[in-house]
Amino acid sequence: MTMLEIRDLGKRFGGLDAVKDVSLDVEAGQITAVIGPNGAGKSTLFNLVHGFYRPTAGTISFKGEDITHSSPHRTVAGGIARTFQTTNLFDDSTLLENVLAGRIVRSKSNVFDAVFHTPRHRRESSINEDKAMEALEFCGVAEYRHDLASNVPQEVQKRTAVAMALATEPELLLLDEPAGGIPEEETVDFGNLIRSLPQRGVSVLLVEHKMTMIMGLADTILVLDHGQKLALGAPAEIQSNPDVIRAYLGSTAQEEN
Amino acid sequence: MRLTRAALMPAEDPTIMTLFIQQLFNGLALGGVYCLAAIGLTLVFGVLRIPNLAHGALYMLGAYITYFFLTTVGVPYIAAIGIAAIMLFIVGVGLERLVFHPLRNSPHTHHMIAAVGAMFFFQALAQAIWGADFRRMDTPITGELRILGAEISAQRIVIIVTAVIVLALLALFIKRSIHGQTIEAIEQDRVGASLVGINPSMVSMLTLGLSALLATIAAGLVAPINLLSPTMGDALNLKVFAIIILGGLGSLPGAIVGGFALAIAETMTATYISSAVGEAVAFIVLVAVLAIKPNGLFTKAVQR
Amino acid sequence: MNSVSRSRRRRLSAAAVLGAIALTATACGGGGGSGEGDTVVIGYTGPLSGGGAAYGENVKIGLEMAIDDLNADGVEVDGNPVTLELKSLDDKYAPSTAASNAQRLADQDKAPVVVSPNAGAIKAIQQINSGRSNFLISAYTSDPAIVQADNPLTMMIPPNFESYAEEFSETAMEHGGKKLALLGTQSEYGQQWTKSIKDAWSEAGGKIGGDNSVDYATVSDFAGPVSKALSEKPDAIFVGGPSQPTALIMEEARKQGFKGSFLVMDQAKLDEMATVTKLDNLKNSVGVLPVSEYEDPGTEDFLKKFAEKAGEKKVPTSETALNYQGIAIIAKAMEAAGTTDDPEKIREAISEALPEVDDKYKVNGFPDEITEQGHLLNPNLEATFLNEDGKYTKVPIEQVSDDK
Amino acid sequence: MNPMKNPRIIGTIAVIILLGLTPLAFAQENYAMRVITVGMCAAIAVYGLNIILGFTGQLNLAQGGFFGIGAYGVGLLTTDYDWSFWAAFVVSVIGTAVIGYLCGLIALRTKDEYFAIFTMAIGFIIFLVISRWEPVTHAHSGVNNVKFPEGGGLIDFESPVAMFYLVFAILLICVYTTYAIRRSSVGRTLLTIRTSEDLADAIGVRVGFSKQLAFAASAVFGGVGGGLYATVVGFIGPDAASIDKTFEFLMFILVGGMGTVAGPLLGSMIVTFLFELFQDFQAYRFIVLGPIIVALVIFAPRGIVGYLGGFVDRRNRRRRVEEARGADDDLDSTGASTSGGTGDHRARNVADGTESGAGRTGGTPSPEETK
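Chains as they are written, first to last, in the numbering used here: chain A, 1 to 257; chain B, 1001 to 1304; chain C, 2001 to 2404; chain D, 3001 to 3371.
These are calculated hints, taken from the structure and not from any lab test. For each residue, glycine too, the CB sits at the ideal point set by N, CA and C. It cannot be assumed that every hint is accurate.
To be verified - Derived pair list, reagent style DMTMM-like, types lysine to aspartate or glutamate, alpha-carbon separation capped at 25 Å: (1) K2092(C) x D3244(D); (2) K2198(C) x E3134(D); (3) K1293(B) x D3198(D); (4) K2309(C) x D2078(C); (5) K2360(C) x E2348(C); (6) K2255(C) x E1144(B); (7) K2283(C) x D1138(B); (8) K2195(C) x E3158(D); (9) K2087(C) x D3280(D); (10) K2110(C) x D3280(D); (11) K2345(C) x E2335(C); (12) K2195(C) x D3080(D); (13) K108(A) x D3198(D); (14) K2360(C) x D2078(C); (15) K2259(C) x D1138(B); (16) K108(A) x D130(A); (17) K2278(C) x D1138(B); (18) K2207(C) x E3134(D); (19) K2362(C) x E2076(C); (20) K2255(C) x E2174(C); (21) K2092(C) x E3197(D); (22) K131(A) x E3197(D); (23) K2283(C) x E1151(B); (24) K2087(C) x E2174(C); (25) K2360(C) x E2335(C); (26) K2305(C) x D2078(C); (27) K2255(C) x E1151(B); (28) K2179(C) x E2398(C); (29) K2314(C) x E1184(B); (30) K2259(C) x E1184(B); (31) K3111(D) x E1184(B); (32) K2110(C) x E3197(D).
Claimed, not checked - What the simulated footprint calls covered on chain C by chain B, stretch by stretch (three residues with Cβ under 8 Å from a Cβ of chain B suffice, anywhere in the stretch; the number is not a length): (33) 2053–2065; (34) 2223–2234; (35) 2251–2265; (36) 2358–2371.
Claimed, not checked - Derived list of chain A stretches under chain D, where covered just means 3 residues or more per stretch with a C-beta under 8 Å from a C-beta of chain D: (37) 76–82; (38) 105–111.
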C-alpha cells in the first residue's frame, strides 16, 4: 500500500526551480532513498513533504489524505517525522529530555491538567516517559540518557535524533543524511538501525550520500538532479544507469573539495 | 474637535506656506539630531548585536562635557564639541570593555539590564557633578535666516549641514578606511570576519566608541537650542530606538531615512493634528510598519 | 544527595533570610532617636533624582534653611528644648514611592510632619496619613484638589493657582490683546492651569486659539510648537512649566517675531528665567512675584542666607521661600500645641501659631489664617507684571475659594 | 524518594514560609508591610514575565504596560464607575488578557530584538495613552481612593495584614501555576521553543500558537499584579505603566533567575529591599546601585536561584549518569542503593520533572537542566 504519494511536485525560489515535477511513491514498510548531487533539491523535497515550505506546484498525499498545504505541526501529528542533515538536538538538555520533547505532539493535556494535576495528566506523563525510554533503547543509546546532548559522540547524537523522531510515533520517517559525519566503521550498525525501522511499522524516506550504505538499505531509489527526476528504481537498476553515474560522479568530484 | 480645527486651519490661514516651510526646517533640524544619534546606535547593534539602552545617557554625558569645555573651560564651540566627542569615544570604549564585553555571550536581556544600570549610573553621576538644575549652553552661532518668509535660526541650519557632512564622512570612513571596512565586514558576517582574521573585540570597542562620539556631536549641536539636564537623554532614547527598528536594525540608510522621516512626521503631526499625537507618532508609525514588515524597512542580513 | 540538599537548603534559606535581614536593616535604619523628645524628625519626600530633581532640591534647601535657623533660635515644646532634624528621601516623582517614603518617615523616624511638593504624591500620601499611622502633610502644591479631599492632616502652603487666572488674563489683555494662544506644558499641573486660564480668558471676552500644549520635558526643539502657536497670530500667549524651558519658549517666540504679552504659569519664575535668557525676551509678561521683590520683614536676611547656602548665581524661588515659612509655622504650632508627636494637636494649633511666628520667617507673603480644610491664606497675595523697561510692577490678586 | 528531600522544593517552600511569616514580625510596621506587599504585587507581574521570557525566551518589554492596564482597570472601575473591587478586578484582568492577546498577534510576527523593542514601543504607547487621555484616565492627576477589596463582613482588607495575605495567596497561586507549567508538557513545549524554534517546528510543536498563549498568559499575570497594586497603594498615577516598571521587573527576574520557580519571588524581594536600603543615599544612590546591577548581571547571569540550582543539577546529573550506566545491567541493585525507585525511574522524572515517585521532587529543574 502506498504511504506517501508525491505528484508533479514543484518549488520555485525567486527565478529558479529547486524542485520540479517530481513524482514519487513511498510504499509502506519499505525504505525509499533519495540521492543526487549537492543542490539537487533533496532537502527541499523533504521540507516540502514536511510542510516547512509550501509547494508552488503539485500535490502530496499521505495515506490517501492530501497534506500538500498542511503545517509542520499537522504533518507530524499526522504521522510524518523527520531528522535534519546537520544533527539537531537541544544541546543543553539531556538525551532523555530531548526525546521527551518528541512526545509533545502526542500530549493532549493542557495547563489546567498540569495545574489541577488531573488523572489524564498523570497518565500521559508516565506514558511519555515509557515511550521516550523505549525509543532511546530501540536506538541503543539509553545508557546516555542523562548526558547532555552536547557531551555525547556524533553517532550517539545521530541515533538520539532518530529516537526523538520516533518518539512522535511516526508511520513515515524522513531521514536527512542520518549517517552524515559518522565514521565509516560505524555506518554498518547505523544501517542496521535504519533497516530495523520497517519492522517497527515505520516506513523510511532517506537522503544519503554514502552510496554503499544506500545500496544495501534502500528498496527503491529516486535520483534527483537540478531538482528533477533523473532516475527511479531498485538499487541494481540505478547503479547501472548511465545518466546517474555521470551526474553522480560529477558531483562527488566537486564534493571532495 | 481639535482635529477639525487643524483640518480647517490651512484654508483660513494666510501664513500656511510660511508655517509649512518653518516646520519643514524644524523637522529637518530635528531629523539631523535623530540621525546622528540613531546611526551610532544602529552601528552598535549591527556589530555587537546589542540594543544599547545607555545610548541616551551617553548623549547626555556628551552634552554636559561639551558644556563644561565651552562654558567652564572656555574653549571655542567647535573645539569643545571635538574634545567632548573624543572623551566620549573613550567612555564608549570603557563601556564596551567593562559592561558589554563580559556579557558578549549572554542573551540580550542581560545587555539591556546592564545598559539600564549604566544609564542610572551616568545620570546620577551627571547630577552629582553638575547638579539637577537645567543648564543653558550658549552658542556663538546666532541670528536667523529668512527662507520663503520663514525665520530659521542659524543654529538649525548648522545642525542640518553638520549632520549631512558627518553622515557623509561616516559613509566614507566605512567604505574607505580599514577600520570602517572591518566594521562593515563584521556587520555582514561575524564568523566570516573572524575567519579572515578581523579581531571582533577590537571592532566592538571601536564601534561603541564611534557611537558615543556621534551621539556627542548630536548633543553638542542640539544643546544650544534646548537645555541640559541629567535626564535629557531619556526622551531621545526611546525615539532613537523606534528609528533604528523602523529602519531595520544595523542598517545605516535605514537609520538616516528613519531619522528624518520620524522627525518630520513628528513636527508635522504636532503642527496639523496635535502635540499629543506628535509625541506618539514615532511609535504609532513603528507599530504600523512592523505589523506589515516585521524586520523593518531596510532589512539587512542582521537576523540569524 | 542529602549532603547536597542540606547545603542547598542552607544556601536558599540564606538567600531568603538575606531579604529579611535587609528588611530589618531598613526597619532599624535611621530609626530611633525621636522617641526621647529631644530630636524631632521633619520628613521630606520629593523628586531628588530624575526629571523633577531641580524642583525637589529647591524645596529641600528651604527646609534645611528653616531648620537651621529654628535650631539656632531654639525650639521649646512644653518646657524642654527640641532639635529639629530633616530626613529627606527621593521619590523620583512617583506617587507610590512617595507614599512608601512617607510611611517610612512616619514609622521609622517617627516624623510627625512629612513635606511633599507634588500633587500626585500628596494624593497618594493622603491615603495613609490619617488612619493606622498619623502624620501631618505639609503640602507644597497649589492644586486645590488636595484640600478638597478633606484630609484632616493636610496643610496646603501655596495659594490656590486658580486665583491667578482672572488677574493674569485682564493684565495680559490690556498689554497685549484679545487673542490668546495656549502653549503650557503637558503636565498634570500645566493642564489644570491651561484650563483655568481658558475659562478666565473667555470670561474676560477674549478669543482663544488652539491648544498647543507640549510636554516641556520631552520636546527636543521648541521651535516647532512655537511656530505653530504663532501661526494663529495671537496677541498673548500662555506659557509655563519649569522656569528654564519656559524661558526658552518665550525666547523662541520673540525670535520668531512675537510682540504680544505672556501669561506665565506660577511654576515658572521670571527672575529664574532671566538666568537662561535675556530679560528683553521676558518683558511684557505677567507672572508670580519673584521672591526678591517681596518686602516682608524677613525677606532681606533670607536672600542673604540663601546666597550663602546656594551660591550667588542661584535664584531663590517661592518653592524655597514658602517651605521655609511652612516649617517655621509648623515649629511654632508644635510649641503652641505643646507636643511634637501628636499631628492632630499640631494641626489644630496652627491657626493660633500663625500670629506668633517670628518676623524673620516672614519672607514671601506670610499667611494670617488657615482654612478649615487646611489651606494657609496670605491676606494680600500679589503677582507681578514685568513691563517694557524690565521693572516688576505688583498686581494684587483676589483669592478664590478652594471648593469646587 | 520523598519530595521533602529535594533541595529546590525545600528552598522554595522555605522562602514562601519565611515570607508568609513576615506579618508576625512586622504587623505593626506599616512601612515594612507596605513595601513587602507592593513587592509581591510586582512579583506576580514578574511571574508573567517568567512565562514569556524565562520559559519561552521572548523578551517582552510591554509588561509594565499590562501592569498599568490592570492597575487602571481596577482604579477607574472602582472609582469613576463605583464597581466593587472584585468585579473590577476580574474585568480588568480579562481586559488585560484580551489586549495582551491582540498585541501578541502583531508583536509575535517579529523576532528577537525586533520583538523586544516592538513590545517596548507597545508598552510606551500604553503609557502615553494613560498619561494623555485625560477625560478617561485623568492623565497625570491619577486615580484617587481606589476601593479596598470587599471582605464580605468577614475580612477587613483595610488592615495591611489582611491585604498582605490576600496578595500573598494570589502570589502562591502564581508560584504553583509556574511550578505546574514548568514540569508539564506545556512547560516543555515552551522550553523547546526557547531553545530552537526550527527544531520545535520539526517535532510538531505549534510554535506560533504556543508563543501566543504564553504572551497572553504573561499579560494576564501583569494585569493581576497591577490590579492588586492599585488597591494596595490606593492612588495610582501614570508611573504605574511607565517603561521603568518594565525594567524594574526585568531586574527582579534577572536577579532571581529566569525560568525558575522561586526566582521571580526572591528577585523581587531582594531588589526591592536593596532599593529601600539605598534610599538613604537619596539622589546619589544610583551611583552605587547602577554598578551593582551591572555586576549582578555579569557575575550572576542566571540569577540567584539559577546559580544555586544549576550547581545542584550538575551534581545530581553526574550521579545519575553513573547510576544510569550501572542501571542497565542491574536495575534493582542500583535502585536499592538510593532513596526508592530504580535507576531509570529516578532518571525519567528528574530529567524533565514530571510525575511518579521522585518526579514530584524534580519540581524545578534549573534553566541549565532543561534549556
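Hint check results:
no.: 1; hint: K2092(C) x D3244(D); result: holds (11 Å)
no.: 2; hint: K2198(C) x E3134(D); result: holds (16 Å)
no.: 3; hint: K1293(B) x D3198(D); result: holds (21 Å)
no.: 4; hint: K2309(C) x D2078(C); result: violated (32 Å)
no.: 5; hint: K2360(C) x E2348(C); result: holds (23 Å)
no.: 6; hint: K2255(C) x E1144(B); result: holds (8 Å)
no.: 7; hint: K2283(C) x D1138(B); result: holds (21 Å)
no.: 8; hint: K2195(C) x E3158(D); result: violated (36 Å)
no.: 9; hint: K2087(C) x D3280(D); result: holds (9 Å)
no.: 10; hint: K2110(C) x D3280(D); result: holds (16 Å)
no.: 11; hint: K2345(C) x E2335(C); result: holds (11 Å)
no.: 12; hint: K2195(C) x D3080(D); result: holds (21 Å)
no.: 13; hint: K108(A) x D3198(D); result: holds (22 Å)
no.: 14; hint: K2360(C) x D2078(C); result: holds (23 Å)
no.: 15; hint: K2259(C) x D1138(B); result: holds (23 Å)
no.: 16; hint: K108(A) x D130(A); result: holds (16 Å)
no.: 17; hint: K2278(C) x D1138(B); result: holds (12 Å)
no.: 18; hint: K2207(C) x E3134(D); result: holds (24 Å)
no.: 19; hint: K2362(C) x E2076(C); result: holds (20 Å)
no.: 20; hint: K2255(C) x E2174(C); result: holds (23 Å)
no.: 21; hint: K2092(C) x E3197(D); result: violated (41 Å)
no.: 22; hint: K131(A) x E3197(D); result: holds (23 Å)
no.: 23; hint: K2283(C) x E1151(B); result: holds (21 Å)
no.: 24; hint: K2087(C) x E2174(C); result: violated (47 Å)
no.: 25; hint: K2360(C) x E2335(C); result: holds (17 Å)
no.: 26; hint: K2305(C) x D2078(C); result: violated (30 Å)
no.: 27; hint: K2255(C) x E1151(B); result: holds (8 Å)
no.: 28; hint: K2179(C) x E2398(C); result: holds (24 Å)
no.: 29; hint: K2314(C) x E1184(B); result: violated (49 Å)
no.: 30; hint: K2259(C) x E1184(B); result: violated (53 Å)
no.: 31; hint: K3111(D) x E1184(B); result: holds (23 Å)
no.: 32; hint: K2110(C) x E3197(D); result: violated (57 Å)
no.: 33; hint: 2053–2065; result: holds (count 4)
no.: 34; hint: 2223–2234; result: holds (count 8)
no.: 35; hint: 2251–2265; result: holds (count 3)
no.: 36; hint: 2358–2371; result: violated (count 0)
no.: 37; hint: 76–82; result: holds (count 4)
no.: 38; hint: 105–111; result: holds (count 5)
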